[in-house]
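Enquirer: As given, the protein sequences belong to chains V and B, one line each in that order.
Sequential numbering from 1 applies to the first sequence in the numbering used here.
Sequential numbering from 1 applies to the second sequence in the numbering used here.
What the hints contain is simulated information worked out from the structure, not anything from laboratory work.
Be careful, since some hints might not be right.
Facing chain V, a subset of chain B residues (Cβ under 10 Å, in silico) [what the hints assert, rightly or not]:
{"#": "1", "residue": "GLY102"}
{"#": "2", "residue": "ASP109"}
{"#": "3", "residue": "ALA110"}
{"#": "4", "residue": "ARG112"}
{"#": "5", "residue": "GLN129"}
{"#": "6", "residue": "GLY167"}
Which chain B residues stay away from chain V? Per the calculated CB distances, all over 12 Å, these [what the hints assert, rightly or not]:
{"#": "7", "residue": "GLU17"}
{"#": "8", "residue": "LEU34"}
{"#": "9", "residue": "ASN55"}
{"#": "10", "residue": "GLY76"}
{"#": "11", "residue": "THR118"}
Each pair of labels, with its calculated beta carbon distance range [said to hold, decoys possible]:
{"#": "12", "chain 1": "V", "residue 1": "GLU145", "chain 2": "B", "residue 2": "GLU10", "range": "31 to 41 Å"}
{"#": "13", "chain 1": "V", "residue 1": "SER46", "chain 2": "B", "residue 2": "ARG101", "range": "41 to 51 Å"}
{"#": "14", "chain 1": "B", "residue 1": "GLY52", "chain 2": "V", "residue 2": "SER46", "range": "49 to 59 Å"}
{"#": "15", "chain 1": "V", "residue 1": "LEU231", "chain 2": "B", "residue 2": "ALA106", "range": "52 to 62 Å"}
{"#": "16", "chain 1": "B", "residue 1": "GLY52", "chain 2": "V", "residue 2": "GLU145", "range": "48 to 58 Å"}
{"#": "17", "chain 1": "V", "residue 1": "THR239", "chain 2": "B", "residue 2": "LEU34", "range": "26 to 36 Å"}
For glycine and all other residues, C-beta sits at the position ideal for the given N, C-alpha and C.
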Amino acid sequence: MSDGATGAAVRLRDVAVRYPEADRDAVGGVDLDVPAGAFVVLLGPSGCGKSTLLRTINRLVLPYRGAIEVGGSDVTESDPETLRRGIGYVIQAVGLFPHLSVAKNIAVVPQLLRWPADAIAARVDELLELVRLDPARYRERLPRELSGGEQQRVGVARALAARPRVLLMDEPFGAVDAIVRTSLQDETLRIHRVLGTTILFVTHDVDEALRLADRIVVMKEGRIEQDGTPLRVLAKPATPYVEALLDAKDAVRRLSLLHARDALRPANGADTAGAPLGAQAYRVEAGATLRTVLSELLEHADAVDVVEDGRRIGTLSFADVRAALLASER
Amino acid sequence: MNFVVRHPVEIAWRTLEHVQLVTIALAVACAIALPVGIFIARNRRLGDVVLGGLNILYTIPSLALLALLVPLFGIGTTTALIALVAYALMILVRNVVAGIRGVPFALVDAARGLGMSTRQTLWRVEIPQALPVMLGGVRLATITLIALATLASWVNAGGLGTLVLYGLQHDDPSRALAGSAIAAALAIAADLALRRLENLVRT
Ligand SMILES: Nc1ncnc2c1ncn2[C@@H]1O[C@H](COP(=O)(O)OP(=O)(O)OP(=O)(O)O)[C@@H](O)[C@H]1O
Ligand SMILES: [Mg+2]
């Protein structure tokens, strides 16, 4: 979809939150720089302040100290309603309005922004297609006539309705089963790729974080414990806490972040590189994770061919996988 | 029944008076209960205090309440209306508060997060969500008032109670019976109609 919507950067400086009558900070002085278009996942155990931190960005929670910028301007400059209409927000409980149809739920923000009716109707259909729900079938349904996964999709569509430059997602897929969750994660990645929206995503599911993030922010008791790429956080956990939380010692988990393309031993010699495929060899796609490659190797052969667009571009053996793993630790 | 046949005009007149008392009291009570209920629903402590107070008021017997009001407002329709409004308020305010407080936090959170103002959240989310509970209150208040309004005749405010009171005092049981039967029929009809309305807004 050519939305022209590109993400905005989000900057937090020394942000601290304390709820009334609490004896300690729910968020204690957090600095965070999210570049435009990034997919950042806040990861940490229940109660560590992930939601609270997220909610400071759309001013649902007010920090008592610190500054927050979205797209270069301080969030306290505009009034909270205007700010929020420009920031998508998806919550675990979904929060679809039960008395409104799917179309009307999605139309909430455009309506608040007083878009013309035909523009809203067109946008609703466009969004339903984006989240892969057939507009004709789903437009007029009520939320209770949808499955949990479909509700989540509508929740995402609603959040994206007015082309926000930042999307906040607070455990959006917590309430669905593993298969639906995986497909919703794929959809989210696709939408992120297509729209370029900056995404801040909260979860306490390590695998979800590793799958989605291009940066993981590990939180503990209201503070950032580590902030880095998934591979970095897994390979070089900054503290024993991070190591334990991510089960970073688990080499197989790390392999799931590495791809065949980056580890392969290129097919050498002009005659074999890009050569048509032989019939016998086991093969994997260049985009497959090394975790997949490992299981192929364990089951079938000492080496597999790596293919891309139907052409063989190299090979991978146990030794290559191991070398890639060790390289990732540096 | 033969009383009804013999005095159709008086029956119609008293029934009209009765319906009028109930309708006016209900309208006034609704107009007060909605804003008051919404206001106190938002404030935990104030809400608990007000609801506690209303519960105590509710335990005062209706005749005793009338008796208390007579020295203040004299005999007549005003006194009857004040008593009816007071009773309706107890029921309505409670239901408005329960309705608003019963709206799931996630919905209010989503509404605010999408950029609705407090007022927009109230009208577009909280009130529609609370509507079935609030209408349940209206139904309960209506049938309560239809019964209570038969006591209006004690302060000379007319209504079907007049037939009951007169019938009892003048040894005319069919008159008293006609008054009670019509009040009961009104209550049942109102109950059915309002239930139907509730079901309409629920879907
Ligand atoms: N509205 C509130 N009032 C008072 N305290 C709160 C409120 N919301 C959260 N807290 C407290 O602040 C701390 C951080 O809560 P927060 O909801 O941000 O955690 P979280 O990391 O999102 O947890 P979870 O994964 O369970 O959602 C917790 O100790 C929580 O009890
Ligand atoms: Mg949370």
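Enquirer: Give me the numbers of the hints this structure contradicts, sorted from smallest to largest.
Expert: 1, 6, 11, 12, 13, 14, 15, 16, 17
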